[in-house]
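Participant: With the hints as constraints, model all of the structure from the sequences given.
Protein chains in written order, with the working numbering: chain A, 56 to 673; chain B, 56 to 673.
What the hints contain is simulated information worked out from the structure, not anything from laboratory work.
Predicted, not measured: the structure shown is a model, and the values here were computed from it.
Note that CB positions come from ideal geometry on N, CA and C, so glycine has one too.
Treat each hint with caution, since some may be false.
[To be verified] Per the computed footprint, the stretches of chain B lying under chain A, defined by three or more beta-carbons under 8 Å from a beta-carbon of chain A, are:
#1 185-195
#2 209-220
#3 346-355
#4 370-383
#5 642-652
[Claimed, not checked] Residues from chain B shown here face chain A by an in silico Cβ test under 7 Å; the list is partial:
#6 Gln358
#7 Pro363
#8 Val365
#9 Pro366
#10 Ala367
#11 Ala396
Spelled out, the chains give:
There are 2 protein chains.
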Amino acid sequence: MTHHTKSFHIAFQPLGLRARFPEGQSILECARNAGVDLVSVCGGNGTCGKCKVQIVSGDVSEPTQRETDVLTESGINKGYRMACQTFAKSDLVINIPAESLSALQRLQVEGLEIPLSPDPLVQSYHLELSAPSLSDLRGDDIRVMDGLGKQHGIPCHTMDEAVLRSISSTLRTNDWRVSAFVREQEVISLGAVDGPSLGVAIDLGTTKVAGYLVDLQTGKTLAAKGVMNPQIAYGEDVIARIVHARKSPEDASMLQAKVVESLNRLSHDLCREVTCKQENIQEMVIVGNTAMHHLLLNLPVGQLAKAPYVPAVSGAMDVKARDLGFLTSKGAYVHVLPNIAAFVGADHVAMLEGCHAWDAKGPLLAIDIGTNTEISLAVDGHITSVSCASGPAFEGAHISHGMRASSGAIDHFQIIDGSVTYHTIQGTKPTGICGSGIFDILAQLFLNNIVDQSGRIIQDHPRVQDKQNIREFIIVDKHETANGSNISITQGDVRELQLAKAAIQTGINVLLKDRGLAHEDVSEVVVAGAFGNYLDLSSVIAIGMFPNLTLSRFRQVGNAAGMGAKIALISGERRQTIQKLTRKIRYIELADFPGFNDIYMKAISLGHNQMGYSDKIQ
Amino acid sequence: MTHHTKSFHIAFQPLGLRARFPEGQSILECARNAGVDLVSVCGGNGTCGKCKVQIVSGDVSEPTQRETDVLTESGINKGYRMACQTFAKSDLVINIPAESLSALQRLQVEGLEIPLSPDPLVQSYHLELSAPSLSDLRGDDIRVMDGLGKQHGIPCHTMDEAVLRSISSTLRTNDWRVSAFVREQEVISLGAVDGPSLGVAIDLGTTKVAGYLVDLQTGKTLAAKGVMNPQIAYGEDVIARIVHARKSPEDASMLQAKVVESLNRLSHDLCREVTCKQENIQEMVIVGNTAMHHLLLNLPVGQLAKAPYVPAVSGAMDVKARDLGFLTSKGAYVHVLPNIAAFVGADHVAMLEGCHAWDAKGPLLAIDIGTNTEISLAVDGHITSVSCASGPAFEGAHISHGMRASSGAIDHFQIIDGSVTYHTIQGTKPTGICGSGIFDILAQLFLNNIVDQSGRIIQDHPRVQDKQNIREFIIVDKHETANGSNISITQGDVRELQLAKAAIQTGINVLLKDRGLAHEDVSEVVVAGAFGNYLDLSSVIAIGMFPNLTLSRFRQVGNAAGMGAKIALISGERRQTIQKLTRKIRYIELADFPGFNDIYMKAISLGHNQMGYSDKIQ
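Facilitator: So this is what it looks like as structure tokens:
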């Protein structure tokens with residue numbers, strides 16, 4: 056910015072964030088630079104309409120064609136604009152509707168203690184060394200290695216370069232009494248005696264990130280915390296991120312740096328909670344879907360988004376933490392679990408480990424619901440996996456009044472004796488509907504015959520309206536809502552939900568058919584992930600998305616991927632086993648499965664009994 | 056440099072280098088920045104007087120006390136100044152005397168072919184892979200690893216991160232036909248089929264650098280080249296370099312970067328000679344003394360220069376070439392051989408390997424002469440080593456008319472029937488005396504009784520003069536020299552040479568005494584290094600520096616360290632053996648050896664018979 060560029064002062068309300076921005080940046084860019092987490096599903100391309108803001112005062116550019124396509128005329132008259140399409144022409148005050156903010160959502164970080172005894176790759180050893188003298192002129196490196204051999208019987212082959220670069224001062228400052236941290240015959244860290252041996256496990260989701268600080272010796276979880284993935288500002292789904300990363304190598308590096316910066320802050324906060332330092336982190340395990348995995352490691356992502364969709368890297372990787380920009384002990388490694396396929400990533404592997412899928416006795420279905428839903432079927436230790444393009448409905452996107460699971464979202468809905476009841480997150484006035492609420496609504500409308508098996512909204516209900524040729528069911532009247540507009544579910548929304556439901560149901564049915572199993576053969580259905588945890592199982596069983604089994608066969612396990620990451624962190628033996636077993640997982644490409652189209656078309660209908668899957672298919 | 060800083064234009068003659076420099080830089084700094092390799096033994100501290108230049112025109116700062124101490128009044132009147140003490144006050148023309156330039160010296164790079172069959176760590180494999188399809192969705196990494204396993208029976212565990220970052224485009228660009236370069240179960244490079252597999256071996260001396268380009272498959276040396284170590288501008292000996300590196304971490308990094316930049320240029324030139332590319336370099340082996348080793352790897356050097364003098368790193372290291380800044384294939388490693396002690400480095404280890412010291416049948420002495428002289432005694436595969444502070448006389452420093460072995464240096468000298476004959480490098484008018492010439496002179500004066508056993512110059516010879524209380528022997532009259540001054544050797548020079556001779560002789564005698572051997576027990580004396588190659592053995596035997604053995608027991612082997620580096624480059628088996636055997640080398644600290652003072656004091660006398668070492672010492 057030179058001194059001649061105009062700039063404007065912009066205040067973002069109700070957050071109270073203010074800053075000055077040069078002319079020519081879109082409001083979306085300004086918001087990002089100010090640290091405002093505006094929703095942007097399409098990554099700023101002007102197609103999703105989710106980055107809606109209200110211009111309270113000041114002059115802005117004229118509405119673009121895209122805005123008049125997406126926004127209503129009355130909305131534009133009230134100052135509503137798409138932030139990615141709008142440019143300041145004067146100082147501005149901008150109001151950000153709650154539904155446009157991706158901030159402060161429910162994050163799933165709690166988790167049980169790790170159910171196995173620790174066997175970490177990194178072990179620490181106390182060393183008492185003699186200082187060099189004329190009769191003992193061994194190099195500092197050899198002195199430490201000899202000490203490990205003689206005092207602990209540990210044969211060491213190498214020392215990390217960064218450790219070697221500071222070895223002389225470390226030994227002398229600590230008067231030749233140090234702790235050496237050894238990982239697979241490599242000294243990765245050397246420091247004052249009695250420093251703790253910490254590990255960090257990260258579940259890096261497209262939207263949410265969960266971090267766990269673990270004592271590597273005891274296996275105890277010392278602290279846990281959830282944050283948002285900061286890449287969300289550059290597109291909400293993996294495809295938008297991949298598109299952003301492919302713009303230029305600099306954009307890819309920027310995405311990588313953003314997430315590392317955020318993970319460093321996360322591990323800083325975790326360490327502070329237990330008054331430890333990041334330099335005591337001796338190992339990290341990170342799991343994420345294949346796209347998050349590739350973006351984190353700055354691997355090529357083009358082939359992830361182009362048929363036949365293959366990962367650049369499927370195998371597990373060990374990378375020096377510093378090479379990725381992480382703040383840890385000098386020579387610490389980051390271990391990333393293997394991926395299964397382009398759309399079944401290391402987080403699903405971790406989830407399988409976290410819910411002990413390999414050890415399951417009867418047939419087990421493991422489902423991780425999201426924009427992309429990964430499902431695996433485990434039978435006697437043999438696992439097959441599929442990936443279903445279930446779409447963003449679960450995150451409230453592509454739904455007229457959809458929103459994230461944050462304050463004011465309708466998360467539960469029922470029709471009792473014909474009258475409507477609902478619940479919002481934090482009990483505030485409703486501003487929209489989040490994923491669990493949307494499926495409750497669909498199930499309730501279906502069960503009350505307001506929506507038929509084909510998904511049509513039937514007209515003979517007082518809450519059903521036809522407005523500008525669009526049929527909708529009014530959930531909440533405008534007098535009760537936070538923004539004074541009706542909250543409804545439209546015929547289009549129902550179609551969107553049918554596609555999501557069909558995708559997941561198809562995945563389940565293909566996995567079962569491939570193995571010659573019927574719904575009732577399934578002993579256990581594990582539903583993981585934040586969304587899966589809040590979902591009303593009865594609703595998704597009612598519409599036919601999940602098999603019609605007794606609820607006791609279902610288990611909502613929360614962040615099983617985080618648990619899997621923790622297990623890999625504290626157990627070298629399990630880590631090896633996971634690698635070996637993951638290579639044996641058979642991935643089924645749905646579109647390639649015989650009879651896929653039939654199975655999918657049938658699954659679009661609501662309810663059960665349309666499939667004939669109560670009987671075993673041979 | 057702001058716009059308000061004055062600057063001056065300086066021309067360096069006879070080189071014809073011109074540039075503009077800001078006020079406040081010493082002439083030495085200006086010269087370095089202009090790329091003029093001015094000699095500076097003391098590293099710019101104003102004590103060595105070697106950076107002498109002549110101000111031809113323009114104004115400069117007044118002479119400092121240090122200059123009036125070191126330079127003669129008539130010299131200062133003629134415009135001679137010390138570059139490190141002098142600052143421009145106007146545009147300047149500066150003449151650089153030949154003896155102040157460290158440029159263009161004899162560099163020892165030739166060498167025999169490597170006498171063993173190649174067994175390199177890096178092997179290349181041709182792969183024909185199938186493209187991914189709906190029925191084969193393996194990740195790119197797994198596809199390559201599977202190919203190595205199935206097509207070549209090579210189990211691969213990991214792939215280099217940088218290779219993974221480009222794997223997708225490499226495979227697709229080359230239509231799934233590639234060469235994979237594998238090193239210890241790691242894929243370190245992936246590229247077009249039929250790329251050569253090149254290695255580079257470097258002997259990184261304090262002054263000179265020798266580089267060899269080797270075909271890893273055939274073991275053939277494809278090209279060889281010598282260059283100067285660019286760090287020389289920051290101090291000529293290791294101590295001056297260590298002092299410079301310890302000024303600040305930035306200075307240490309700068310020294311590291313300078314040498315890497317120069318080695319990159321060297322390997323570029325080597326590759327160009329055989330029309331190959333640096334990206335085909337799959338492995339490097341670098342050897343150097345412990346200080347050069349530590350500076351190259353940016354390891355701490357403080358403890359190298361402070362009693363009890365220990366290396367930070369003695370063990371062999373494998374470092375990713377890119378982490379040090381080298382231009383090679385993506386995942387190539389640099390291997391550095393182990394060090395023996397703070398003053399017996401990896402270059403001496405390479406020299407021992409290069410002259411097959413471990414396989415020697417009779418007792419073998421291996422001597423690498425320089426400012427620091429390393430000597431080893433090998434008996435039946437058992438090696439003991441010492442380090443002798445022989446001083447810079449061999450490089451012509453600390454000698455009144457000493458200079459490096461470059462054009463105009465007297466490199467051989469004889470007194471035949473009382474009259475003096477000499478030879479200069481390139482046959483030009485003499486400007487000074489280089490190392491081999493200095494020892495010829497001392498030997499000839501001693502053999503002709505002009506210098507007695509105690510080192511005193513005896514007065515009764517027409518060429519002996521007393522000038523300002525300093526006795527000297529005129530080697531060349533001023534009418535015959537390039538600069539119009541006498542070239543002489545002074546009483547002080549003889550004392551300096553006696554110290555150098557005593558240091559080396561003491562090293563040899565301590566090694567022999569330690570083993571209970573006498574001079575005549577030695578079967579072979581290997582003299583390595585550039586200086587060792589040009590030395591007249593008769594001269595150094597005559598003064599007593601080397602044992603009085605028949606010349607047939609001596610072998611002047613040139614750059615044996617370079618040969619050792621080449622062997623380590625092409626043989627994984629030898630590399631392992633070297634590591635193992637080096638750990639067993641016993642280093643003797645001379646000052647700690649019983650009777651050291653006696654042995655040293657006796658060795659100051661010239662000639663043999665003063666030691667009683669013709670008889671076996673029990």
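Participant: Against each hint, give a clear statement of whether it holds in the structure.
Facilitator: Each hint tested on the structure:
1. 185-195: n = 8 at 8 Å, threshold three: holds.
2. 209-220: holds (count 5)
3. 346-355: holds (count 4)
4. 370-383: That given contact holds, which follows from 5 residues of the stretch 370-383 of chain B lying within Cβ reach (below 8 Å) of chain A.
5. 642-652: holds (count 4)
6. Gln358: holds, 5 Å
7. Pro363: holds, 5 Å
8. Val365: holds, 5 Å
9. Pro366: holds, 4 Å
10. Ala367: holds, 5 Å
11. Ala396: holds, 6 Å
In terms of the numbered hints stated before, the structure departs from none.
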